[in-house]
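Colleague: One-letter residues, chain by chain:
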Amino acid sequence: MASGTDPHGSHGGEHHILPLGVYWAVFLALVVGTILTVWSATIDLGRLNVIVALLIASVKAALVILYFMHVKYSSRMVWIFAAAGFFWVAIMILFTMADFASRSW
Amino acid sequence: MSADHAHALPAGVRPPTYHHFEDLAQQEESEKLGMWAFLITEVMFFGALFTAYTVYRNLYPEAFMDASSKLNWKLGAVNTLVLIVSSLTMALAIRAAQTGKYSQVIWQTVATMIFGATFLVVKYFEYMHKYHDGLMPGPTLFFTDVFGEHTPQARIFFSIYFAMTGLHAFHMVVGLGILTWVLIKARKRYFTPDRYLALENVGLYWHFVDLVWIFLFPMLYLLGAHYGLGH
Chain E
7 MASGTDPHGS
17 HGGEHHILPL
27 GVYWAVFLAL
37 VVGTILTVWS
47 ATIDLGRLNV
57 IVALLIASVK
67 AALVILYFMH
77 VKYSSRMVWI
87 FAAAGFFWVA
97 IMILFTMADF
107 ASRSW
Chain S
19 MSADHAHALP
29 AGVRPPTYHH
39 FEDLAQQEES
49 EKLGMWAFLI
59 TEVMFFGALF
69 TAYTVYRNLY
79 PEAFMDASSK
89 LNWKLGAVNT
99 LVLIVSSLTM
109 ALAIRAAQTG
119 KYSQVIWQTV
129 ATMIFGATFL
139 VVKYFEYMHK
149 YHDGLMPGPT
159 LFFTDVFGEH
169 TPQARIFFSI
179 YFAMTGLHAF
189 HMVVGLGILT
199 WVLIKARKRY
209 FTPDRYLALE
219 NVGLYWHFVD
229 LVWIFLFPML
239 YLLGAHYGLG
249 H
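Residue numbers (our numbering), protein chains in the order written: chain E, 7 to 111; chain S, 19 to 249.
For the record, the hints were derived by calculation from the structure and aren't laboratory data.
A few of these clues could be false.
[What the hints assert, rightly or not] Subject to a maximum C-alpha distance of 20 angstroms in a straight line, what follows is the list of computed SDA-like cross-link-like pairs (lysine to any residue):
1. Lys78/E - Ala66/S
2. Lys92/S - Ser46/E
3. Lys119/S - Ile57/E
4. Lys92/S - Gly39/E
5. Lys92/S - Leu24/E
6. Lys203/S - Pro34/S
7. Lys78/E - Ala90/E
8. Lys78/E - Val28/E
9. Lys78/E - Ser48/S
10. Lys203/S - His186/S
11. Lys148/S - Arg173/S
12. Lys78/E - Gln44/S
13. Lys119/S - Ile49/E
14. Lys92/S - Val28/E
15. Lys78/E - Glu47/S
16. Lys88/S - Asn55/E
17. Lys148/S - Met131/S
18. Lys148/S - Leu185/S
19. Lys88/S - Val56/E
20. Lys206/S - Ala216/S
21. Lys119/S - Thr198/S
22. Lys141/S - Ile124/S
23. Lys92/S - Tyr142/S
[What the hints assert, rightly or not] Quick list of the computed label-pair ranges, beta carbon to beta carbon:
24. Gly152/S - Val58/E: 30 to 38 angstroms
25. Val28/E - Gly152/S: 45 to 53 angstroms
26. Ala31/E - Trp199/S: 45 to 53 angstroms
27. Ala90/E - Asp41/S: 35 to 43 angstroms
Note that CB positions come from ideal geometry on N, CA and C, so glycine has one too.
All chains should be modelled from the sequences, with the hints used to inform the complete structure.
Modeller: Right under this line is the structure:
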């Protein structure tokens, strides 16, 4: 079984092969995260419900991006590209809500 | 052992390096960045809808809870798990290509397609159920009055629900089309340890669609959960 080393050494770190265990660990974490999401929604935490749900979803998303999408093992350039979209969406939502919150609806 | 299979590779498996690239690694890096640039546009695309959702949810929190409790959270949860499994099989298909396990590339791709199709079948039954309850946007929703004083605001929730899950489901259909191409290529042993970048880019798309659902599920299905799961 091929391990984490590159068996085709000739062309750089691009062909990084993750051990099977990493994929299964991420998969299990995603299943546990889904169960936690449903369970936390059954408890009335008031405003905190949203924050808990978003926190769990963000951890799940980070696991998918870092391991399934191999960003953890990609170049700095890929890191920047992967972060850029979420960064702009965060600006869009934060600025919109800042406007929303500062109006007397 | 993967090396045995590697000997069975057809000649000339290394993709050509085009003249404007230093080497193959740089060329593949560029292809991968191109895929990520596309995914940025996808993040912005869904991000705009999440922004609309955030604004309306803050405007009408009670109506959104009422409307959300009409969705079947069990089917939503099952579909979340189905998508997670399909992401796992997609990742394993790429790993199989990296290690030269050709038959595994094929059956992991088939598994990914089966789970993707399962998601859409579940979604179809959910949509039909909502249609019969008169909650689908269109004439029926506008004559439905199950939410009392919250009715106009609940309609906004269902419009957002159908827009977001509908676009997500459309992405799944496109994904199944791309995976059909992968399957045809995989049967011809196109994806090798030296040439799997196209498959990896398909994987990026598939995982992204899973990512959207990871946020959609709690945002849409679980708002009213703490006053009685089981709709």
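Colleague: Now tell me if each hint is right for this structure.
Modeller: Results of checking the hints against the structure:
1. Lys78/E - Ala66/S: Roughly 27 angstroms between the alpha carbons, so the hint for lysine 78/E and alanine 66/S is violated.
2. Lys92/S - Ser46/E: Holds, because 15 angstroms separates the two Cα atoms, which is no more than 20 angstroms.
3. Lys119/S - Ile57/E: This hinted pair is violated, its Cα atoms lying about 43 angstroms apart.
4. Lys92/S - Gly39/E: holds, 15 angstroms
5. Lys92/S - Leu24/E: Outside the cut-off at roughly 33 angstroms; violated.
6. Lys203/S - Pro34/S: holds, 18 angstroms
7. Lys78/E - Ala90/E: holds, 15 angstroms
8. Lys78/E - Val28/E: Roughly 12 angstroms between the alpha carbons, so the hint for lysine 78/E and valine 28/E holds.
9. Lys78/E - Ser48/S: holds, 17 angstroms
10. Lys203/S - His186/S: Judged against 20 angstroms, a Cα distance of about 26 angstroms means the pair is violated.
11. Lys148/S - Arg173/S: holds, 12 angstroms
12. Lys78/E - Gln44/S: holds, 18 angstroms
13. Lys119/S - Ile49/E: violated, 46 angstroms
14. Lys92/S - Val28/E: violated, 28 angstroms
15. Lys78/E - Glu47/S: Holds, at about 15 angstroms.
16. Lys88/S - Asn55/E: Holds, at about 18 angstroms.
17. Lys148/S - Met131/S: This hinted pair is violated, its Cα atoms lying about 26 angstroms apart.
18. Lys148/S - Leu185/S: The hint holds at about 17 angstroms.
19. Lys88/S - Val56/E: holds, 18 angstroms
20. Lys206/S - Ala216/S: OK: lysine 206/S and alanine 216/S at ~14 angstroms, within 20 angstroms.
21. Lys119/S - Thr198/S: At roughly 19 angstroms apart (the allowed maximum being 20 angstroms), threonine 198/S and lysine 119/S satisfy the hint.
22. Lys141/S - Ile124/S: violated, 26 angstroms
23. Lys92/S - Tyr142/S: The hint holds at about 15 angstroms.
24. Gly152/S - Val58/E: 30 to 38 angstroms: holds, 32 angstroms
25. Val28/E - Gly152/S: 45 to 53 angstroms: Since valine 28/E and glycine 152/S have Cβ atoms about 47 angstroms apart, the given range 45 to 53 angstroms holds.
26. Ala31/E - Trp199/S: 45 to 53 angstroms: violated, 30 angstroms
27. Ala90/E - Asp41/S: 35 to 43 angstroms: violated, 26 angstroms
Hints 1, 3, 5, 10, 13, 14, 17, 22, 26, 27, counting from the list given before, are not met by this structure.
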